Every structure is written in structure tokens, then in C-alpha cells.
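Which chain is which? The protein sequence lines are A, B, C and D, in order.
My numbering applies: residue 30 is where the first sequence begins, and numbers increase by one.
My numbering applies: residue 30 is where the second sequence begins, and numbers increase by one.
My numbering applies: residue 30 is where the third sequence begins, and numbers increase by one.
My numbering applies: residue 30 is where the fourth sequence begins, and numbers increase by one.
Hint data in this document are derived by calculation from the structure and do not stem from the laboratory.
Mixed in with the good hints there might be a few duds.
One copy or any two copies: either way a pair holds, since identical chains are not told apart in the list.
As the list claims (entries may be wrong) - Listed next, the in silico PhoX-like pairs over lysine-lysine satisfying Cα-Cα at most 25 Å (straight line):
#	residue 1	residue 2
1	K320	K423
2	K315	K423
3	K179	K423
4	K80	K315
Computed from a predicted structure; not experimentally measured.
4 protein chains.
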Amino acid sequence: MPPTLAPNLRRLIDDLRTFLDEEVAPLEDRLREQGFGAILPELAELREEVKRQGWWCPQISTEYGGMGLSLLEFAHVSEALGRSPLGHYLFNCQAPDAGNMEILIDHGTPDQQARFLEPLLRGEIRSCFSMTEPEHAGSNPVWMSTTAEKDGDDYVIDGHKWFTTGADGAAFAIVMALTNPDADSPYQRASQIIVPTDTPGFEHVRRTSIMGEEGEGWLSHSEIRYNDCRVPQSNLLGAEGGGFVIAQERLGPGRIHHCMRWIGICERAFELMCERAVTRELAPGKPLATKQTIQNWIAESRTEIHAARLLVLDAARTVDAEGTRAARKSISMIKFYAAGVLQRVLDRAIQVHGGLGITDDTLLSFWFRHERGARIYDGPDEVHKYVVAREELKPYGLRLR
Amino acid sequence: MPPTLAPNLRRLIDDLRTFLDEEVAPLEDRLREQGFGAILPELAELREEVKRQGWWCPQISTEYGGMGLSLLEFAHVSEALGRSPLGHYLFNCQAPDAGNMEILIDHGTPDQQARFLEPLLRGEIRSCFSMTEPEHAGSNPVWMSTTAEKDGDDYVIDGHKWFTTGADGAAFAIVMALTNPDADSPYQRASQIIVPTDTPGFEHVRRTSIMGEEGEGWLSHSEIRYNDCRVPQSNLLGAEGGGFVIAQERLGPGRIHHCMRWIGICERAFELMCERAVTRELAPGKPLATKQTIQNWIAESRTEIHAARLLVLDAARTVDAEGTRAARKSISMIKFYAAGVLQRVLDRAIQVHGGLGITDDTLLSFWFRHERGARIYDGPDEVHKYVVAREELKPYGLRLR
Amino acid sequence: MPPTLAPNLRRLIDDLRTFLDEEVAPLEDRLREQGFGAILPELAELREEVKRQGWWCPQISTEYGGMGLSLLEFAHVSEALGRSPLGHYLFNCQAPDAGNMEILIDHGTPDQQARFLEPLLRGEIRSCFSMTEPEHAGSNPVWMSTTAEKDGDDYVIDGHKWFTTGADGAAFAIVMALTNPDADSPYQRASQIIVPTDTPGFEHVRRTSIMGEEGEGWLSHSEIRYNDCRVPQSNLLGAEGGGFVIAQERLGPGRIHHCMRWIGICERAFELMCERAVTRELAPGKPLATKQTIQNWIAESRTEIHAARLLVLDAARTVDAEGTRAARKSISMIKFYAAGVLQRVLDRAIQVHGGLGITDDTLLSFWFRHERGARIYDGPDEVHKYVVAREELKPYGLRLR
Amino acid sequence: MPPTLAPNLRRLIDDLRTFLDEEVAPLEDRLREQGFGAILPELAELREEVKRQGWWCPQISTEYGGMGLSLLEFAHVSEALGRSPLGHYLFNCQAPDAGNMEILIDHGTPDQQARFLEPLLRGEIRSCFSMTEPEHAGSNPVWMSTTAEKDGDDYVIDGHKWFTTGADGAAFAIVMALTNPDADSPYQRASQIIVPTDTPGFEHVRRTSIMGEEGEGWLSHSEIRYNDCRVPQSNLLGAEGGGFVIAQERLGPGRIHHCMRWIGICERAFELMCERAVTRELAPGKPLATKQTIQNWIAESRTEIHAARLLVLDAARTVDAEGTRAARKSISMIKFYAAGVLQRVLDRAIQVHGGLGITDDTLLSFWFRHERGARIYDGPDEVHKYVVAREELKPYGLRLR
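With the hints as constraints, model all of the structure from the sequences given.
Laid out in C-alpha cells, this is it:
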């Protein structure tokens, strides 16, 4: 079911597949057993190889040193990379850095770009994005308590964040904080501010243990306290009060990136399921795949994965042609649909593996745990369904709020 | 979520929509209340209008007097027509006639074409396809009892069929019968034979009542007995023993046609659901659409319908580019997936309508009943899932049978 | 999986099963083919037999000539009767008459009882209940437009109702109408009033066609207009403004009755599914039941049916021990759960039957169509889920409205 | 929805709830953060308290020092204990020790009982059960490679096992091994043999990491190799070749025990969900519980949990009255149904918690990971569905194998 691709894109995808299978796959075992930190040296070498191949930052324009792929082209690349938990990191298109690069490209001052964007693009540093607060439901993004008050030339930031992915080891955070709490519109109260993580008052509370794993480095999610954390006002990104608008800009493509990656995970899990189904025997000469239930799962998974892929490509095409705003409904559609497919495919693949499926001997457990959040992060299913319904009902004259 | 179309196709679809909304929709009420027979005069007039507009037989090549659309183009047209239960009939692309036209074009002798194909293409007669037998599971198409024995220059056909759609009023049937029962391969035992319905021994037993409705004419499904039914051997279609191969050729595109039509039904049901949701009030000023459950259904329906559409278009593209055989997996994928979406969307639309939804005052009940068979006819879900699994497992070295 | 029953109840159930299998089943074919009216003579004879056996009105106290079963005991009887579409009618415990009997027993004056209840108990007349209005969502039962204005000694009723089950041929209706439109509480504005159907101004508009069938007599659902329909005020049931309270009293047990009946339908459909699965062959000697998908459906159906039964019995036990009000949550639980099981079991049974399943040659189509309303009538699933959630959240200090 | 219980059982359950809430709950946080080993001292103290209260070994007859509860009574106790991951361990009714106790009581010689059963009953040692092999599908329990060959007075055991729960720190294992590989029936080839874990050749390979956690002690699952592991033949349990029969005896009640425990987990997760729903605000004054989707989940969860409970109690009643064999179908029904409810309830509770739900700050993640295996261990869903279908189809004359 490989989609029809332009020949050069087809060749690129094939090359990436080979690279991942031959160079990256062996590292995955060590990732599962020893964690992210232990394999940093090997990762660094592979990143150099990626640069040498001309594959670095596929999502970034050539002007900034990337491959300059369209979103539709990148969708195919991202699916290929998603087959490995290390894929996006190796190509420097991993969340949250990819999103931060976008913000800095679109809104960074020359000075901000020099200090923060360029080393990020070169892969010398990592960054994080500090938005979600434990005290407030993430599904209401305009409700937050973190404040950034002006004091002289500085902002003094106070607040409490969590799910700040990759904060462990990051060089800087982009923080959402209220700068204009009295603005009429709740959408104009917050700003995005760059905070180097060595700023006094930036307190890394803990890497929150998620589904049994604390993780480390890029593969971790931290709780952060900002205690009278002082940065110069020149660290403001874009206009004051414009934080929410920038966040929306950032989250749209970010959701597509996640969905593309999930299709890659689905494909890998699907392969594991098929391999297991044909090799695991219920009795001598009778593989699991002869059971109709297994066949049903294979057929349903293949169909749902392909449906999700086509929806994601369709959304990417819309973004390329008409912009993120026009694709709002499409993006919400794929966000909940693809997350659901991902969870079902992983669940079926685990069930086909039997006991082995729940061990950490395969990647299935890794994804089953790490991606339970897929139906929650970047907007829970429920919010995205609401967005789709709201857009659908507009032509009928109903404006939901 | 309208797909991006070439401008002339876009214009055609828009024109068809207008035609259906303005000219055909008023007839639908009478169809539901009075049945197919009562509106034949109006249908005949509308068919003339369709011909005048140059829309006749959109699926047929220009050589044979049709519009000559590719399957991908026809997919869009078929979705538009599917919005009305009368759409395909009015454009002379309705099952089972469309399939019979294909067979006669591909396998008919000049004489067969003159006698049977041409009046069919002109819409002067209707036809039927007699394959399924009450005594044998349709999911095993090579297991049948109807025989056609040679006697002189004739075949003498004996057997029992049902679900012979549109037999009531049809001019001829194409019958599947065993001509070579001793052939090694079960796939080479049956032939397709043309039987005019006025042939002695062609016994129309009854229009089988389906989901509460006996129907009539094109909108009915008959039980037929062939009692020593004698036709000349020149009525054989294609090679003797080639009936199964022809049937497979015919069913592939036929399944795509059904799926395309279902998308149209889904869209119409979706609109009815949205209209009801914004107008039906739970209390003054509080329409149903303000309830989150309704919003969920709208979002899930929109997403599933669009996923089904993209899968169907993808399959049509594959057929156009590589032929039916190469699209076998794609066709099985859409057959069960789209049928499932159809059933769910209709079910949700009915639930949103409350009591009204189960009455025959809307089209929802018509489709809920008429299309429960969608998961059964032309291969039940279970068979199509098997086909997908079988194809998926081939690269893993397993050959399911 | 037969529940453990007291020996005399066990014996009763066995006798009922025999009666239904031997005496009633043959009539079911004629019901499907010829309709309710055509078999009235045979039904009348069977009703006499039921009386002779001492089975008449099982749900009614002995004081009023019934069997005097507890609700828990009746639950078992009702399941047995539910196996036939004619079961409840033959035992004079069919909706809506059973509910009307309850109202008249609890709230009828001696005169009302003599004129309306007694012939109803004897099975000489039928009745109907006129509550739902086409213009208002049934899920908001206090929102209605039908009014009953006092004029001299009479009420003059004006309004529009539908889903008045069994109105065709009924002797009287119990009508919900606003008598106190200005009462503070919306729950105290309506009254229940007896309206003989031969009252001038009682306009039987039509038997609404439901899922392809207009039906007739008891098996039909009518649209009614009340046009200056004048009845004496002595036809008021209970206190003026008390209509909603009486309706709630009536609907609670009514919902349990429906659920019990559905279990019976499920059991019958389950048997049809199993019979088909073991007799229908995919190939010589290979019945459908050898397919794992069919096995899954059988296992899931059996489990869900038994779960539904246990929930219904549990609710009946609660009503017997603590009254309807205490069982409100239990009743809402079974209403949506059992309706869902019913729809799934029927759907699976149809799929197992293949083409035969969608014909009217079995009872499956009858129930698939007639009981799609089960998720709507007497409160849609969505309302019952709300009730359960509301009750569950009370102990947590949240009062939903 | 508390089931109606005899007063003394009601009181016991209430006391257990208080004990768990007050004494055990505080330890749960430390279990999640520090693991099982770190809290052993506190667990030992609490076990003494349980003994003092007379609650020790509730599932064991008084003759052997337990509470002597019937299975139906224990079902209620087990649900109460299941609310905490530590409940069953504290009461010495945890798997796999509870099952091993049963085997030793039913099949142990006086000497075996003195050496292995008595310290187990006193809680001085733990044990494990070594059956599943990595090389063979657990769903075919008679297919195994581990052998026990006679040599002098000993058995010499060779083989490879995993999912040997609690092997880490256990005093002995009960091992399934082929002793009679040539027996006609595959059900008569294996025996159960007691192997002290300090026997030379008992190689503890690893605690297999399951869903991100290696665990330790009782809360871990080990891979074991038996390398020429020699034990006296007097360690044989029951008759030679009787291992499979004993395993079946053991697994039946064991499955009920798991299901009972799962209901307890469901109740705890349900409470967490409700608490979160009423306290987490989407906006000031607007808790999550006001959203209809959340209400739907609460209603569906409550209903499914209660359905599962009633099914489990029904199965326990059948075992008490008629024995495990008669309850085979009931046990398979609850095994897959309750496991499904468990997974759905945990999934919904996590979704209601949003980001918090995927952290290890609540028990939800613990159970989501630890109980994904519920649909696999002690027979995957698919096997239990097959058993139910097989039993259901017997009366129809079909004997599935």
C-alpha cells in the first residue's frame, strides 16, 4: 500500500528505510535497556552521518540549512522516521525542538536567532516548550497562572509548569506566561519568552515518571518551577500578548508532525504483528496467522492505518496549499483519528504477541506506554472532536463556543 | 471537505447536485410513499433530461455512448448520485445493469451486443444477474447447484437463485450455471449465460421481502427457479467455464461502485443529522447540537466519511492505473470499511432524529433497511477481511487459503 | 445459563416455553406475512387458552385478576414471552396497555376503573398512551404544547401527538396535556386525562410508517390530533397537575418490562444464530460455526445477554425491595445497556444469516427494524446515561441538572 | 450499587475497606516510588495486624487456618482487597501462592504439606508456578518442552520457563514438566513437581521487564532455566502425568480470583475518575463532570463494572454449588468480559485525568501497565471466547475442537 510518490521522494524514503534498518535499529535495543543517555555518543555519530547524507532538518527551508521539503513531502519522510523512536531525533526534526525552530524562524529577532536558533539548527543544543500547568486543564489553553511581570528591562517570571518535554539537558525553554492579564480577550494575555535553563529561578523539579518510566534527556518530561526567574525583555518572542497566537501557529503543524510519526509507529507495529503471526505456532505447523481473529486484526489494522495516512496526507496538502488556518478542521480530524488508530494497532499487535507483547523485549510496550498520551497531548480527542463539530455546524448557522 | 477536482469535473458535480436537489428530490417522497412503479413516468422524463444534458451512462466509454469517465472521475460522480436513491437509475449506471453492460461490452458477441447490450445502453430495458443460491453460502462463490446441460444447440438450465436484483420487469438475466462440473479447478466449472426472462422455465417465484419491503421493479430482489429453461448455446458469454473469471472481473469495479454510492448516502445522512441537530431544540433556544454527544457523532462521522472517501478514491486510482487485479486488496479494504462507516453514520443520524429517525418520513429509515445488506452483498465483511489479511501476509511467506 | 429459579417458577417458565413453541410460533409466520389484523381470530383463541391455564395478566395482582407475580418473577416470565412478538399480547401484559392498567389501578376512580380498567383487564378492549409530540424532543418530557382547558364541566383538549402506540383500534387514550401551564414547576403543569377514541375531535391522522411498515392495530404507532376534543373533567386521572409524576411512576416499571422482553428477543435471536451457524455450510462438511469470527460473536453475545439479564434481575429485585424511585439508577443502566446488547445481538445474528438475515423470512429483520427504536423510546440512551452519571456524582457533591 | 450482603459479610467488607483506606493506602505511594522491596518491613507489620483481626487467608478453610469463606463470599472480599495493589498480598491470598496452596492442600503428601504448605500458609515463605515457556504459545498448554526424566530416585528437570511470577525471593517453584511424553493423550504427559529454588540447576535468568518495570520480589515475573535440575521423586504432586488436570483445577478458581480483584481495581479507578471529574475545572466553576462525554464514560463504566460484578458473582455461585467443571463456561465468560471492562475503565479514567493520568502520580498508570496482561494471562480472550462458543454449540450437535 505504498503511496505513489515522485521518484526522487521514493528514493529518499527507501534510503531512509535502509539507514534506519541497518544503522539505527541496533541502537533501539540499547535505548530500551540502558536509556537515552547511554547511547548519546552513538547518536551523535549517526547525526553526523545524517548531515553528510544531506538529510539534516528535512522540515526546515534550505535557507536555514534544511532540506526544504513541503509539508506533504515531509509527511512521507516523517512516517519513515517514525518507525524508530530515535528517527526524528537523529534528523533534528524532533518535538519540541522542531516547533521551537519554527517559532524562532518566524518570530525571532536576529539576535535571538543567532543565540538560540542557530545552535538548535546545528543540533548543538536542545530546547523545551513550557506551557502546560498542573493546576489547569490543558484543554483550556488560555487559562494559566504563570506570570511575567516587567521590572526594569526584565521580565520576572513566576509559575509552575509540567510536561515540559526534554527540559532535562535543554539549553533554553520557551515559556508561556501572562504579560497582559487585563487584556480584554483571553487570547491576548500571554506571551512567549525565551528562558535559558541556567537562569537563576529556573527550578527543574523532577522528570515526571510517565507510565513507569522517568526517562532522561530528550526522552523525558519535566516539572519546572519558575521562581522570580528574571530574563531581559529582549527575550520576548514576537509581540507582547501574542503568545497564544504563536502557540496556535506552532501547534497546527506540530499535530500533523505527530500524526505522521504515528503512522510510522503503526507500520512498524503492524510488521511486528505480521511477523509474529506467521512465526508463532499454536501447534506444530499451525501459525497464529491461520486464526481468523488474527486475520481480522491484520485487515482492520491495514485499513485503518491506510485511512489515517490518507487523511494525514490530505491535511498536509491543505496546509501546503492554503495554510494552517484553512486546515484547522483537517488537523483536528487526524489528531483524534490517528491517535485512535495508533492505540488500537498497538493493542492488537500486543495481543498477537501474547506474553511477549507486554514485556519490554519488543518496542510494542515502549509505544503502548509512551503513546497512551497521544490521545491527550496537543489537545485531547474530546477537544478536537469539538473543533470538527464546530466547523461542520457553521454552514448550518450555528456558532458553538 | 470537498476533494480538489479538475475544474470541469467540479462543474459537472455541481450541476449534478443542482439537478438532484431540484429535479429529483421531490420524487423521493413519492418513492417512499408509493413505490418505484408509481413514479416510472416521471423517472422516464428525467432520464431524457439526463440524456439531453450529456450525462447518460457516465461510466461507459464514449464509443458505447457514455461519458467516458475514468473510474476515479466516476467515483466523484457516483458519490454525487448516491445522495439520492434514484440517482444511479436516472443516469443508467445502476446495479446490476451497469455490471451487465460491462460484461456484454467485454465478452458479448456482436449479436449479443445488438440484442441485449444496445437496448440496455439506451435504457429501454433492464436486466438482472442471477448468481446467489439460497442453498449455498454466497461467501463460497464456486459452490453452486444450478446446472446448464447441453442438449442439441441449447443449454438446459436447472436451478434455484435468489437476490436476483431487479428481476421484476427485467428483459433478461445473466445466469451463473455449472457447465463443466468435472473441471479440475472449481473456478472453471461455471459459465455465464444470457436468459431472456420470457423463456419458458424461467419462473419468477417472488420478490423476496427485504427488511419489511417487497419492493418492485428495479428496487426489488427476486427468487427465481430455472426449470428446464432452454436457451441457445449462442447465449453463452465468453468461454465455457469462464463464468467465475468474468464474475470476478465484474465484481471488482462493482464493489467500488457500491462504495462510491455509499459515500453519497453518508453525505446526505450527515447533512440530515446536522440539520436536525441545529433545528431540534431540547428546550427553547437550546438545539441538540449543543450536546457534546451529538458533537462527537458529527466529528466522528465527518472523519470516517472522509477517510472512506479517500480510501475509495485511492482504490479507483489504482484500478485506473494498474487494473482491477492489482487493486484487489484495496477493493476489499474499502468494501468492509465503507460499509461499516455507512452503517454507523446512518445509525447516528437516526439517533439524532429521535422518534422521527425510525419513521419512514425521512430517507434514513430507507437506507438503514436497504443498506444493512451492504455488509453482506458482494462479499460479507468477513470475506473481505480475509482477502486483505491473505494479501498482507504473502510477503511474510504465508499463503492462506 | 438458565438462572436458578424457585421450582414452581421454573415449571411455569417451562410451560410457557412449550406453549410459545407449539401454539404461538406457527402464527408468527402469518404475522410477518399477513399482519396483525389477519390473525386476530387465532389470537383471541389463544388468549382464551392463556386464561384457562391461569396465566392471564401475570403482572397484575390477584385482587385484579392477575397472577400476582413480583416484578422479579415477572422478569423471568417476560423474558420467556419476549421470545415471540406475540407473547406479551397473548398474556395481556403488552405495552401500552400494561402501563395504562397500572395507572388506572393506582389512580383511577371507581367509575374510571369500571368503565376503562375492567374491560382492559378482561382483554376486551385495547388502549393507548398519548404523550410524545412531534414538535418537541421526547427527551424533555415537560416541554409540550397540548392543552386541556376547562370549559364548564369539561376539558377541551387541543394538541398534536404521535408515537401513540396501538391507537388504531384502541377504545381510549390516556393523554398528557397542560392543565396548569402557569404552575411554578414545569413538573406540575400537565395532567393525564382519559379520552375515548370515539370522542369528537379525536382525529386519527395516520398510522406512522416505521422502518418500512405501517403496521395495524396493536402493532402500529399513530399520529393523533386533538381538535377541541371535549371530555368530562371526571376523566382526569389523579390530581390535576400530577400528570408528570404519574408518567414517571409508569415509565420506571415500563422500562424494566421492555428490558425483560428484549432479553427474550436476544435469546431467540441467539438460538437462530447458533442454528444457522451449525447448519449453514461454507463447503461440504464445514459449517459456519467452525469460523472463529462466528465463535467470537456467539461468545460475546452469550456473555452480553447474560450480563444484561443479571442487571435487569438486579433492578427488578431493587424495585421489589425498595420501590421504583430507589431503582432509578438501575433502571437507567439497564435501559441503555440492554438496548445496546439487543441491537448488537440482532446485528450479529443477521450477519451470520447472510442474505437470509436481511429478508423477512426470519424474525431477525422484524426485530432489527422494530427495535431500532429501543435506544430511543422511553428515553434515549443519552438521557439514561446522564441519569446514571448524575446519580453517581451526587456522593461527590456535584448536582448536575 | 453495593450488592445485598449478609450482615456479617457486609460488616467484614466495611472493616476491610477502612483498613485498606487507613492503613494500606499510605504505603501505596511508597510502592510506586520505591518498589516492593523497600516496604517489606511495613508489609510484614500489616500482615501481623491482618492475622490479629482474624482475616488471614480468607480463601482457605478453617481447618488450614483460614477464614473458610465460600467462593461467593470470598468474591466480595477479593473485590474489596483488589482496590489496593497490596490487598491480596497482605491477606496472604495473592497469586500465585493462593493457587499453590490449593494444589498442596488437594494433592500434597503429608510431608509436602509440612515442608511447603505450612510455611506458605503462615506467610513465612513465598512460592511460584512455572508453566509458561517462551518457545510455545501459552494458549496451547499441552505443548511444552520442559522434561523431567527419572534418574534413580530423582527427577532431572531441563527446560525454559518465563512469566514465573514472584520467583524472585520464592522458596520453591511448582514446575510443569513432561514426565510421560509418550502418553496417548497430550493431557496426560506432564506432571507438577516441587522444586526448591536453591536446588542446583534452578537458574534465575532475569526478572523480565514488563511494561517498563522490572519489579522485584512478589511483584515481578521471572525467566527461569532448569539445567539438569535434580529433585527427589517424592516432590511429585499427585499422580504422574496428572499435571495438566491439576493445572486446570487450579486455573478455574484462579481466574475467578483475578476477575474479583479486577472489579476492585475498576471500583478504585472509577472513584478516581469521579473525583477528578468533579474537582478538575475547565474554567472557573466548570468542572469536567459537566461535560456530556465524561458523563457518558461514568455511566458506561458504572454499568459495565456492575455487569461484570454480577457475572463474577454468578460464576462463583455456580462453582460453590456445582463445582469448577460445571462453571467452565461461566468462568470463560467472565475472564474475557471482566478483562475488557477493566481495560476500558482504566482507559477512560486516564483520559479524564488528562496529563496526570499518564504520569505515575496516580495508581492508574500502574494498573494500565500491569493489567494489560489481563487479556492475556490465564488464557487470552480469544481462547476463552472459543470455550464459550464450544459449550454453547454443544446442544446444537456441533463438537468444536
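Hints, one by one, checked against the model:
1. Proximity of K320 and K423 under a CA criterion of 25 Å is satisfied inter-copy only: 15 Å between copies versus 47 Å inside one chain copy.
2. For the homomeric pair K315 and K423, the shortest alpha-carbon distance between copies (16 Å) is at most 25 Å, but the shortest distance inside one copy (55 Å) is not.
3. In this assembly of identical chains, the alpha carbons of K179 and K423 never lie at most 25 Å apart, being 41 Å within a copy and 46 Å across copies at closest.
4. For the homomeric pair K80 and K315, neither the shortest alpha-carbon distance inside one copy (47 Å) nor that between copies (50 Å) is at most 25 Å.
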